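Line by line, the protein sequences give chains A and B. Residues 1 to 162, numbered by our numbering, are exactly what the first sequence covers, in order. Residues 163 to 962, numbered by our numbering, are exactly what the second sequence covers, in order.
Hint data in this document are derived by calculation from the structure and do not stem from the laboratory. Hints may be right or wrong, so weigh each one.
In silico SDA-like pairs for lysine to any residue, Cα to Cα no more than 20 Å straight-line [said to hold, decoys possible]:
| # | chain 1 | residue 1 | chain 2 | residue 2 |
| --- | --- | --- | --- | --- |
| 1 | A | Lys90 | B | Asp200 |
| 2 | B | Lys951 | B | Asp895 |
| 3 | A | Lys90 | B | Ala208 |
| 4 | B | Lys889 | A | Ala137 |
| 5 | A | Lys9 | B | Pro300 |
| 6 | A | Lys9 | B | Glu587 |
| 7 | B | Lys898 | A | Ala151 |
| 8 | B | Lys889 | A | Thr49 |
| 9 | B | Lys539 | B | Asp500 |
| 10 | B | Lys951 | B | Pro646 |
| 11 | B | Lys889 | B | Gln831 |
| 12 | A | Lys9 | B | Gly248 |
| 13 | B | Lys242 | B | Thr466 |
| 14 | A | Lys90 | A | Gly18 |
| 15 | B | Lys539 | B | Ile379 |
| 16 | B | Lys539 | B | Glu606 |
| 17 | B | Lys898 | A | Arg155 |
| 18 | B | Lys889 | A | Glu83 |
| 19 | A | Lys15 | A | Glu83 |
| 20 | B | Lys195 | A | Ala151 |
| 21 | B | Lys195 | A | Glu96 |
| 22 | B | Lys645 | B | Ala631 |
| 23 | B | Lys898 | A | Leu154 |
| 24 | B | Lys889 | A | Asp51 |
| 25 | B | Lys591 | B | Ala631 |
| 26 | B | Lys591 | B | Arg580 |
| 27 | B | Lys951 | B | Lys898 |
| 28 | A | Lys9 | B | Glu298 |
| 29 | B | Lys195 | A | Leu154 |
| 30 | A | Lys161 | A | Ala151 |
| 31 | B | Lys960 | B | Arg648 |
Everything numeric in this text was worked out from a predicted model, so none of it was measured.
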Amino acid sequence: MERNGTMPKIEITLKVNGRQETWRVQPGETLLEALHAHHYRGTKLICGTGDCCGCGVILDGRSINSCCMLAAQAGGADLLTIEGLAQEGKLHPIQEAFAEEGAAQCGYCTPGFIMRTYAFLQEHPRPTEEEVRAALAGNICRCTGYVKPVAAVLRAAENMKS
Amino acid sequence: MAHDYYEPGTGNIADAEHQRTRQEARTRVVGQKERRVDARPLVTGAPVYAAEFEQPNMLHARILHSPHAHANIRHIDKSKALALPGVHAVLTHEDLPRVAHSTAGQPYVEMSPYDAYLLDSRVRYVGDWVAFVAAETPAIAEEALSLIEVDYELLPAVFDPLEACKDGAPRLHEPDTTHPNAGKNLGSIYDATHNIAAHEVIRHGDFEAAMREADIIVEGEYRVPYISHAVLEPHVCVAYLDGYERMIVVSSTQVPYHTRRQLASVLQLPISRVRIVKPRVGGGFGSKQEMLLEPVAAALALKTRRPVRIEYSRQEEFTAARFRHPMIMRMRSGVKRDGTLVAISMHSIGNASAYGTHSFTVTRSTGHKTLCLYRAKAYLFQADAIYTNLPITGAMRGYGAPQGFFALESHIDEIAHRLNMDPLEFRRKNHVQKGDWDPVEGEEIDGVWHSKRQFRSCGLPECLERGAAAIGWYEPFDRGDGKPIRRGRGMATAMQGSGVASFELGGASIKLNEDGSFNVMTGATDIGQGSDTILGQIAAEALGVGMDKIIMHSADTDSSVFDYGSYASSTTYISGGGVKLAAERVRQQILEVAGDMLDCSPEDMSIIDGVIYTPRGASNLTIADIAHETLYGRHRQQIMAKGDFWTDDSPAPFFAQFIEVEVDTETGQVRVTRAVNALDLGKAINPTLATGQVEGAVTMALGYALSEELKFDEQGRVRNPGFVDYKVMSTLDMPKMTTILVEDTEYTGPFGAKSAGEVPTNGMAPAVANAVYDALGVRIRSLPITPEKILQALDKQKDH
Chain A
1 MERNGTMPKI
11 EITLKVNGRQ
21 ETWRVQPGET
31 LLEALHAHHY
41 RGTKLICGTG
51 DCCGCGVILD
61 GRSINSCCML
71 AAQAGGADLL
81 TIEGLAQEGK
91 LHPIQEAFAE
101 EGAAQCGYCT
111 PGFIMRTYAF
121 LQEHPRPTEE
131 EVRAALAGNI
141 CRCTGYVKPV
151 AAVLRAAENM
161 KS
Chain B
163 MAHDYYEPGT
173 GNIADAEHQR
183 TRQEARTRVV
193 GQKERRVDAR
203 PLVTGAPVYA
213 AEFEQPNMLH
223 ARILHSPHAH
233 ANIRHIDKSK
243 ALALPGVHAV
253 LTHEDLPRVA
263 HSTAGQPYVE
273 MSPYDAYLLD
283 SRVRYVGDWV
293 AFVAAETPAI
303 AEEALSLIEV
313 DYELLPAVFD
323 PLEACKDGAP
333 RLHEPDTTHP
343 NAGKNLGSIY
353 DATHNIAAHE
363 VIRHGDFEAA
373 MREADIIVEG
383 EYRVPYISHA
393 VLEPHVCVAY
403 LDGYERMIVV
413 SSTQVPYHTR
423 RQLASVLQLP
433 ISRVRIVKPR
443 VGGGFGSKQE
453 MLLEPVAAAL
463 ALKTRRPVRI
473 EYSRQEEFTA
483 ARFRHPMIMR
493 MRSGVKRDGT
503 LVAISMHSIG
513 NASAYGTHSF
523 TVTRSTGHKT
533 LCLYRAKAYL
543 FQADAIYTNL
553 PITGAMRGYG
563 APQGFFALES
573 HIDEIAHRLN
583 MDPLEFRRKN
593 HVQKGDWDPV
603 EGEEIDGVWH
613 SKRQFRSCGL
623 PECLERGAAA
633 IGWYEPFDRG
643 DGKPIRRGRG
653 MATAMQGSGV
663 ASFELGGASI
673 KLNEDGSFNV
683 MTGATDIGQG
693 SDTILGQIAA
703 EALGVGMDKI
713 IMHSADTDSS
723 VFDYGSYASS
733 TTYISGGGVK
743 LAAERVRQQI
753 LEVAGDMLDC
763 SPEDMSIIDG
773 VIYTPRGASN
783 LTIADIAHET
793 LYGRHRQQIM
803 AKGDFWTDDS
813 PAPFFAQFIE
823 VEVDTETGQV
833 RVTRAVNALD
843 LGKAINPTLA
853 TGQVEGAVTM
863 ALGYALSEEL
873 KFDEQGRVRN
883 PGFVDYKVMS
893 TLDMPKMTTI
903 LVEDTEYTGP
913 FGAKSAGEVP
923 TNGMAPAVAN
933 AVYDALGVRI
943 RSLPITPEKI
953 LQALDKQKDH
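If we strip away everything but chain A, and leave its shape as in the complex, we get (with noise of 0.2 Å):
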């Protein structure tokens, strides 16, 4: 959407991955366009309509889909990214647990699945295998079966409690 100088910009303020940022954001553009194009990468475009959750991110302690939202209603929010997990570069427990339980093969559902269940154990800190089910049920994967990314829950849920 972003038609260069046909249309005027908005200029929003939002928190992302814990700083203050400013950005110029064309009326239609979607909060995914606008992350790339202020080069956070790690959340994916993979259908475009929502139907998938592979551009998942945390807005306000919820997950959303960052495909459906235009990024002019993110004024003032607080953004998480998958690129906001790790801290100084040591993995988030999340994280962690997904490169444990090789939960990732191709890894491009990868940052989906993590930023849902980052929201999803902040509600559940003890789920158990069905609720895990559930809460990822509209995040498609296409390599792994499911098996491994929902043990990898489970391991992190594990973790995060100690």
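Start from chain A and add chain B according to the hints.
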């Protein structure tokens, strides 16, 4: 021989035994659940994919697709599009050389017709390419597409292969006289007049004579649909001219070297001016065993002299990428009352779509990769691939075997039931055994069968035994009799190859660094299957170091050794074989220097965890010391070697699928509740990655069994181009899964390994059909097994 042909080569068991004695039984890195070498970038969202590659001043390209299934382009007016501010180039068929080629990522000479043109004055399916645009932004490029005026002359179209091969049907292609094998039935169009892209007949033994010995003859026709790879990373690439006027294409591809050759041909550039760089690929499954967007970006980059990026949308992935061949398969076999199979035949009619890429090889593979699973006196196989005006069918995980095994393993189940025999017992009685020669891959000369391969390893008996035990095959279970939800059990067996016999080349070069680490530069492409990790483990094991000393670099046509690419289950066996040879040579070079320093013969020395050992035990030298000595000391040299591997062989992995289903007789819904997957892969180089391959393949096959189908309207348009209407499996559809790895050592493979990635795609669909029969007594012979088909079959059952 001058090349690195693997020593046994002749494929007999005595040689294999000899090889075994040379192999160390104990491994330190191979067989371990090493973390993937790319785990960290994948879980942190680091920019490792082609989609994230950027260049300054990059333009964005879009493609104008045909709205018609079959038409001539009378005239194209691109003036309005070119006049749009921000548009840099519009290319039509008038602007590009008309070079007949195949887009199949196959070695030269491709076993696929040269029936494609980058752009042509004729379009042959809804979605075919009409024009390319490069503009400042994707949105401007998109807008420009709507300003291109095309005057089409509509032609009659044909969508059904059984209609397309009749006299008088609309004809899609002229004979491809430019194919290097034109007229030889080795990939060129077989019969353009009747739209027959490819045709083959294989006979082994006297089929009709064998059938006369049979007590019972069983026949059946099976159908499988169009399906999409639904690969999550769409096709994407960036092309640019570097300062030396070379065309650099950073692409999400499984086949960088084949793409380099084909792109050079299509754009009439010397191969030396083309470099294909493959970053980490976000899934392939065969969809990227093709040249697709690379020449589009490159042509626009040549025209504009600016970097050009192009990425398919999800809609384009579902309408104008590549798809699994739909197939009609007719089975007719004879069996004796005691359960001995005497003759098997199959006739596969594949939908070759608008362009015949991979059609010959996929359609023949429905028989070649499947019928060899059973012993019989005679085999008859016919393959026909027929052009239609539908989106392009190509390579997809399993490559004909998922289609063929749906037919064969449903058919075998039907035969067993006709004999009142347990389907598992029938398979045990008839499946191939270790030491057998392939009865289908070969040729009959003067009545004598010359087979191309021997099954030196075969863990199928163990797969069957452990799989049956895990599912409780012989134990009673609640079948839900008299209730709306019925339960049943089903099974299927399968096999595949490890690479394509005689059609592979792969390997690596390995270079020692001064700290004792190694650069492993391989032509193999990691598409998620984990080849960088697997090949790294093979290198580490053979070198005598840990994974922390291995730095993987894969698939850049300028810097890595030639490799046919990641497809046909070839990477571990073929590229891994080459990596192992390279590592052994580097190890030898290290030991020669160390031997000189320690006054010891290299033959008596070894390397364990990076430390040099002599017969007296650990020396005070490490690999890092040797590296320093060679880079700065008296033995100055760069320790480095390459290894590559090819073979006339293709060892078969074996697979057994056992499942339990619940069928709701009121809604027709089928649910797989338990799945036991037993795979004989020779050796699991990395058990975590191997089970991951199995779980993913079985899940993909579950979608094939139950829900996935690309649907078309009467004009040939895809009706369900998105994840809402094209249903792939989700976490909620998944059965409780158990994966069993069986390791029947394949002594020609690196550390005993054969393949793992494709064979588990072959069992689920027939297992579901067989389990539904077990639950309801109705036989569904076409995929997907939808609620509608179940309810219709139940209605029919009631009428009888």
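Structure-based check of each hint:
1. Lys90(A) x Asp200(B): 16 Å, holds
2. Lys951(B) x Asp895(B): 19 Å, holds
3. Lys90(A) x Ala208(B): 14 Å, holds
4. Lys889(B) x Ala137(A): Holds - the C-alpha atoms of Ala137(A) and Lys889(B) are around 13 Å apart, at most 20 Å.
5. Lys9(A) x Pro300(B): Holds, because 17 Å separates the two Cα atoms, which is no more than 20 Å.
6. Lys9(A) x Glu587(B): 71 Å, violated
7. Lys898(B) x Ala151(A): 13 Å, holds
8. Lys889(B) x Thr49(A): 14 Å, holds
9. Lys539(B) x Asp500(B): 15 Å, holds
10. Lys951(B) x Pro646(B): It holds: about 17 Å lies between the C-alpha atoms, which stays within 20 Å.
11. Lys889(B) x Gln831(B): Holds, because 14 Å separates the two Cα atoms, which is no more than 20 Å.
12. Lys9(A) x Gly248(B): Holds. Lys9(A) to Gly248(B) sits at ~18 Å (cutoff 20 Å).
13. Lys242(B) x Thr466(B): 18 Å, holds
14. Lys90(A) x Gly18(A): Roughly 16 Å separates the two Cα atoms, so the pair holds.
15. Lys539(B) x Ile379(B): Within the cut-off at roughly 14 Å; holds.
16. Lys539(B) x Glu606(B): Answer holds: Lys539(B) to Glu606(B) is near 13 Å, not above 20 Å.
17. Lys898(B) x Arg155(A): 18 Å, holds
18. Lys889(B) x Glu83(A): Violated, because 30 Å separates the two Cα atoms, which is more than 20 Å.
19. Lys15(A) x Glu83(A): 13 Å, holds
20. Lys195(B) x Ala151(A): 15 Å, holds
21. Lys195(B) x Glu96(A): Within the cut-off at roughly 15 Å; holds.
22. Lys645(B) x Ala631(B): 27 Å, violated
23. Lys898(B) x Leu154(A): 16 Å, holds
24. Lys889(B) x Asp51(A): 11 Å, holds
25. Lys591(B) x Ala631(B): Holds: Lys591(B) and Ala631(B) sit about 18 Å apart, inside 20 Å.
26. Lys591(B) x Arg580(B): The hint holds at about 16 Å.
27. Lys951(B) x Lys898(B): Distance of about 25 Å is beyond 20 Å: violated.
28. Lys9(A) x Glu298(B): OK: Lys9(A) and Glu298(B) at ~17 Å, within 20 Å.
29. Lys195(B) x Leu154(A): 19 Å, holds
30. Lys161(A) x Ala151(A): The hint holds at about 16 Å.
31. Lys960(B) x Arg648(B): Answer holds: Lys960(B) to Arg648(B) is near 16 Å, not above 20 Å.
In terms of the numbered hints stated before, the structure departs from hints 6, 18, 22, 27, listed from lowest to highest.
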